[in-house]
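Just need the whole structure built from these sequences, with the hints factored in.
Keeping their order, the protein sequence lines are chains A and B. Quick note: our numbering has the first sequence finishing at residue 507, numbered continuously throughout. Quick note: our numbering has the second sequence finishing at residue 430, numbered continuously throughout.
Hints should not be assumed to be uniformly reliable.
[Stated by the list, open to error] Calculated lysine-lysine pairs in the BS3-like style (CA-CA distance at most 30 Å, straight line):
id, chain 1, residue 1, chain 2, residue 2
1, B, K142, A, K139
2, B, K399, A, K211
3, B, K104, A, K139
The hints are simulated quantities; they were obtained by calculation from the structure and are not laboratory data.
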Amino acid sequence: MKVFDRSINVWQAGILLFVLMFANKILVLPSLLFEGAGMESIFILIFFFLLELGLVLLFLALKKKFPTQSFSQILISHFGKIVNVCFFVAFMIFFFAKAVLLYNVTYIFFRNLIYKDTSNLLILFCFLPVINHLAISGLRVMGRTCQLFFPVILSIIVFCVIVGVFGIGSRAIWFQSSWMDVLLTAAKHIEPFGDAIFLFVVMDKINIKNGDWKVMFYLFAISAVLVVATALVFMLSYTYTSFMHPYAVFEIVSFVKEFGGLGRIDIIAMVVIIILAYFHLAIYLKCFMFAFEQVFPKIDKIYSVITFNFLFVVTVIFFIINLETAVTFGEQILPYAEIFPFFILPIFVLIALAIKNKNVQKKPENGGNLQKILKNNERKELNNSQNKSILQNLNIASHLQNVNIPSHNLNYQQQKQKILKKQQKQVKLLKLNKKQKILNSKNNILGNKNNISNEEKNNLKSKNTQKSGFFCNKFQFIAEKEGA
Amino acid sequence: MKFFSHQLFKTPMLLVFVVMIVFYGFTALGRPAEINKFAVVTAIGIDKAEDKDLAPESTQSDNLSMPDNVNVDELYEVSLLTFVPVAQQSFTEKYKVINGVGKSISEAIDLAALNIGREIGLSHLKIIVINHELAETGLYKILDYLGRNIQISSSTKVVATDKTAKEFLETAQKLDNESSIKVAEHIMFNSDYIYSTESSLETFFKGSFGPTNVGLMACLSSKSKEEQTSPTAASDAGSGGSSESEGSTEDMVTQCHVYVFKKEELVTKLGERDMKKINFVIGDFDNGSLVIEHFSDQHFDDANLSFEIFGKTINYKVAYQNGIPVVHIDIGLTLRLSEVEQNHDLLQENVELFVITPEAERAIEKKVKNSMADGINLMREYQSDIGDFYTILHNDNKTAFHNFLDSLEDPDNYLSHMVFKVSVRVYAK
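Printed below as a string of C-alpha cells:
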C-alpha cells in the first residue's frame, strides 16, 4: 500500500491546527481544572494557550529561515543524526500517548452517555479503519477533509457556547484558590497542550506564501477563544458542582436542556465530539508516521501504521480501561512528556535560529525546481562554451532559492523573484538548445548545415543574459559574501 | 462478481464498510433490544428499613437477597416507581412500585431488580423521595450514591417526605393514574413561586459544596382529603402554597416544608411563609403574591389589597464602613392589583387601570422591607447563608471581607455582624 504525502497550503495547515487545539481540552479538562483551581483555572487555560502560541511563532520563524527544509534536515544539519533520531522518537511517543488519552476519554464518554454496554473493541473497530485511511491517504487529503468539516465544527461549537450562555445562572466565586493550587493544577493538567508541535513534524509539507501566515494565527486564535469560552461557560453554569460533570462541551448544552424548555440538543455536542475525535486521532497517527519514517528510514511507511495500530490496541485494551486510569495516565505520566514540546524543542529551535550561515544548502531540497530539472546528464551536455554563461546564471539563481535574504529588504526579495522567473525562461531556452543541438547533429550527419537556428539561439541567449545580467552580478556578490 | 470483488479489494474503505456492516449486524443479532432489557424507573423512594418487618415478603423469604449477618439498623429500603416498556400502538405506561432492601442503596436497587426480572434503568429518573427521618440523619450517605451514578441526571428533583417514601410513591402513582398529576412536575413548577425553592440534585449539591455549605430541599407530603385537618397557609400564600389535586381522587400531594441543611446536618425546617420572606432577600422567585392589610387612601378604606408579582429585579451592592460590610439590596417588583377586600362590597376602582399611588407604594415598600428583615433574621438565627452573601462579599472585595471574618469571634455567624440596607422599587403592570 502506498502512502501519499503531498504538500498542504497554509489554510489547510491552519485548519488542522484549529482542529487539534480542541484535542483533550473540551471534554474532561475543564472539570479537572475546576476541581484543582476553581474559577482561576481559566487563567491556566489562557496561559497554556499563550505557550502554544509561542510554539506557533517558533515554527513560523523556523519556516521563514528554512523555507523548504524539513525539521529533520534542520536537526541533522545543526545537531547531527543522533539528535534527530532522539527528537523523532520523542515525537512518536508524544503523539502516541496523546492518541491513547484522547481515545480513552472519547470512548468513556460514549460508553457513559450513549451506550453503556458497548465494548472497547467495537469502538476501536469504528475508529481505526477510518483514521488509518485518512492518514494513509496523505496530509493533503486530511487537510482537505478538515477544510470540508471546518464550518461544521466551528458552527457547532459556537452554537454550544451560545446555548450554554443561557444556562449561566448561579454565582461563581472568584480568586478563592491559592497560587500554589493554581500552579499545581497547571502542572498536573498540562498534558492536553503542546499539540502545535505537529507543525514542526509536517514542516516541509506546508507551503506558506508571503502574508499567509496570518491565517494560521487567526485560526489558532479562534480555537483558543472557543476552548476558553467553553470552559468558562461550563464553570459558570455548574459552579461548585463542575467537578461532578466531566464532559464540558456536552454538559453546557445538556444543562440548558435539563433546566430550560429545549429538547435533546445535546446530540449536537455529541456529533462534534465524534468528528473531532476522528480528526485528532488521524492527525496524531499521521505525525506518528512521519516520526517513524525518520527513525526507521529504511522500513516501508505502511509499517508505521501497523506499529501504531498494534501498540494502540494493546495499550487501550490492556492498560487504560476506565476514566480513572485514563485520568491518572493523563495526570501522572503525560505531564512529563510535556517537557518535550514546551522545553526541549523550543531550546533546540532557538539554537537553530540563532546559528548563522549554517550550510543550509548542504542537503539539496526535495522541492527545488532546478535540481529536478537540471539532471546530471544535462549538465554534462551543457559544459560547452556556448552555454557556460547561462549555466553560471542558473547556478546563481538556484542558489538564490536557499539564500537567506532579510525579510525587511524588499528590494532583494523582489529581485530574487525576478531572477527566479528568469531562470525558468532560461531552462526553457536550455531545453530548446538541447533540442537544437540534437537537430544540428542530425543535420550534420545529413550534411545540411542550418545556420539560421544557431543565429536564433545566439540571439535568444544574448537577450536573456543582458536582461538578467545586473541582478545576477549583484546576487552573485551576495552569494559569495555569504560563503556559498 | 469478479468485478465487484476486484473493486472491493481495490477500495479498502469499501471493504472496511462491508466488514463493519457484517460485524455490527451479527453483534446486534446477538443482543436483546434495550426495550426488552430495562425497566424504566421514573421515581425512587428511599426509606430506612429499621427492622425486617419493613422488608417486602419476597425479600424476607429469600436468604440470598438479605443475609442474616447484616445489621438491620443500617438497611435501606428502596421503592421504585417503574414501568416496563412494551411495544404497543397506544401510548400507555403501566406503573408499579417495586421494593428492595439492602445494606446500601445500590444493593437495594439490585435486589429490587430481582423482583421485576429486568435491569433497572435510571436514565429517566425524575424524582428522588427520601423519608424525613433518613433525610434528617443520613442524607449525605444516600446522596453519595445518587451523585456518583452517571445515569441519574443532575436535574432530577430530590425531595423529602414526612411519611414513608414508599407510601408517597404509591400516592404519586395513584395521582398519575387518576388525574395525570406528576409529582416531578409539581416540584418543578413550585420552584417558580416565592413560597418554595428549587429542589434538584444540582441545586442541592451547589449549595452544599459552595462556601456556605447550605443546601435546601423541599419536603412534600402525601395526604388524603380526610387527613387535612386545618387549612394550609394557602389562603395567604395563594396559588403556590399548596397544590390540590382536582377530580374525584382522595389523594393529594402538598408541600409542607423546606429543609435547610448546613454542613451535612439539618438546621431547620422552613414553612411557606418563612420561605417567602427569605426568597424576598435572595430573589429566587418569579411568581407569587403580596398582601397589604388595612390599607387606606383616597380610593380604599381599610382594605386588604392583594398584588400579584409579575417580575422582579434584584441587585446587591457592598460597601464597608469601619471594616463592616454593608450590603445594599435593591429590589424592584412589578405588581398588579389582583384582589381588593374591603367593607364596601362593590368594586370601586377599575383594577385594569390601577396606578400605584405614593401611599400604596409606601405600604408595599414597608411590607417588603419587613418581610426581608424577617428573612435576614431567620438566616441569622440559623446561621445559614441561604442567599450566598459570602460569595457576593468575597467577589466584591476579598481582602476586606476576609479581614472582617478574621475580626469575628465566630466567623460562621458573619451574617449577624453584617449590615443590610434595603430599597424597594414598585412598578405597576
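Comparing the hints with the structure gives:
no. : hint            : result
1   : K142/B - K139/A : holds (25 Å)
2   : K399/B - K211/A : holds (27 Å)
3   : K104/B - K139/A : holds (25 Å)
Of the numbered hints listed earlier, not one is contradicted by the structure.
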